[in-house]
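Quick mapping for you: the protein sequence lines, in order, are chains G and R.
If you read the first sequence in our numbering, its first letter stands for residue 312, the second for the next number, and so on.
If you read the second sequence in our numbering, its first letter stands for residue 312, the second for the next number, and so on.
Worth flagging that the hints you see were computed from the coordinates, not collected in a lab.
Please note that a few of the clues may not be correct.
30 Å max Cα-Cα, derived BS3-like pairs, lysine-lysine [said to hold, decoys possible]: (1) G:K320 - R:K368; (2) G:K370 - R:K370; (3) R:K395 - G:K368; (4) G:K314 - R:K395; (5) R:K390 - G:K368; (6) R:K425 - G:K320; (7) G:K395 - R:K320; (8) G:K390 - R:K368; (9) G:K429 - R:K429; (10) R:K314 - G:K395; (11) R:K390 - G:K376; (12) R:K376 - R:K429.
Restraint ranges, calculated between C-beta atoms of paired labels, are given here [stated by the list, open to error]: (13) G:D326 - R:E399: 18 to 28 Å; (14) G:N417 - R:N325: 23 to 33 Å; (15) G:G338 - R:D313: 24 to 34 Å.
Ideal Cβ placement from N, Cα and C applies to all residues, glycine included.
2 protein chains.
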Amino acid sequence: MDKVNIAEKLSQFNDYYNPRIVGELNGQYVKAVKLKGEFVWHHHDNEDELFLVIKGKLKMEFRDKIVEVMPGEFIIVPKGVEHKPVAEDEVHILLFEPASTLNTGNVENERTRKVLEKI
Amino acid sequence: MDKVNIAEKLSQFNDYYNPRIVGELNGQYVKAVKLKGEFVWHHHDNEDELFLVIKGKLKMEFRDKIVEVMPGEFIIVPKGVEHKPVAEDEVHILLFEPASTLNTGNVENERTRKVLEKI
């Protein structure tokens, strides 16, 4: 029952698209991740995902629109919905999603992270 | 799939200890709430609770310690653990918890909110 300082967690790593687990509750993980560049189009068959922006501007691309998410804002991507996170500059994010969630969803490639570090 | 601006949601109400639902995912609710004063000692039999501080200083009292949680920090209170949120001045919070979670947990009193507004 210690508190978690989000900025302190984010200061512990500098690689992109490699989420760390910073909290766990009710079968869900809280993850911290830094983004830069384009991710891959994917969806999650069974998991909704919440992206809370801490720093920078996240462009969440959907097949029919783009939503820009700023610090102090979040977006929930429902299961089954194709999306592609894009970070033109560095973006810091907090994710809330089921522990079962794979970062690349239905796609498996060099960016897939099956084992996440807890920090 | 619209984004949610946390400050904008918090600007829509001014009462205390009356959470509003601002997001839903995987059977969990995201709630925005303003606190001022002491809440009641309670626990949740089946739900872990996450408190993310947006503004102000939250004092989370446990039976054996007090944790001060500041903006940009969160604390997870595991199921079964007695706690009492205290806000000496106004505090703005984002909560993440199962949709089944009752604000006063095992206690029912004048502060219990069984039906929450979605905003």
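Outcome of the hint check:
| no. | hint | in the structure |
| --- | --- | --- |
| 1 | G:K320 - R:K368 | holds (20 Å) |
| 2 | G:K370 - R:K370 | violated (35 Å) |
| 3 | R:K395 - G:K368 | violated (36 Å) |
| 4 | G:K314 - R:K395 | holds (15 Å) |
| 5 | R:K390 - G:K368 | violated (35 Å) |
| 6 | R:K425 - G:K320 | violated (35 Å) |
| 7 | G:K395 - R:K320 | holds (26 Å) |
| 8 | G:K390 - R:K368 | violated (35 Å) |
| 9 | G:K429 - R:K429 | violated (33 Å) |
| 10 | R:K314 - G:K395 | holds (15 Å) |
| 11 | R:K390 - G:K376 | violated (39 Å) |
| 12 | R:K376 - R:K429 | violated (34 Å) |
| 13 | G:D326 - R:E399: 18 to 28 Å | violated (40 Å) |
| 14 | G:N417 - R:N325: 23 to 33 Å | violated (44 Å) |
| 15 | G:G338 - R:D313: 24 to 34 Å | holds (26 Å) |
In this structure, the earlier hints numbered 2, 3, 5, 6, 8, 9, 11, 12, 13, 14 are contradicted, and the remaining ones agree with it.
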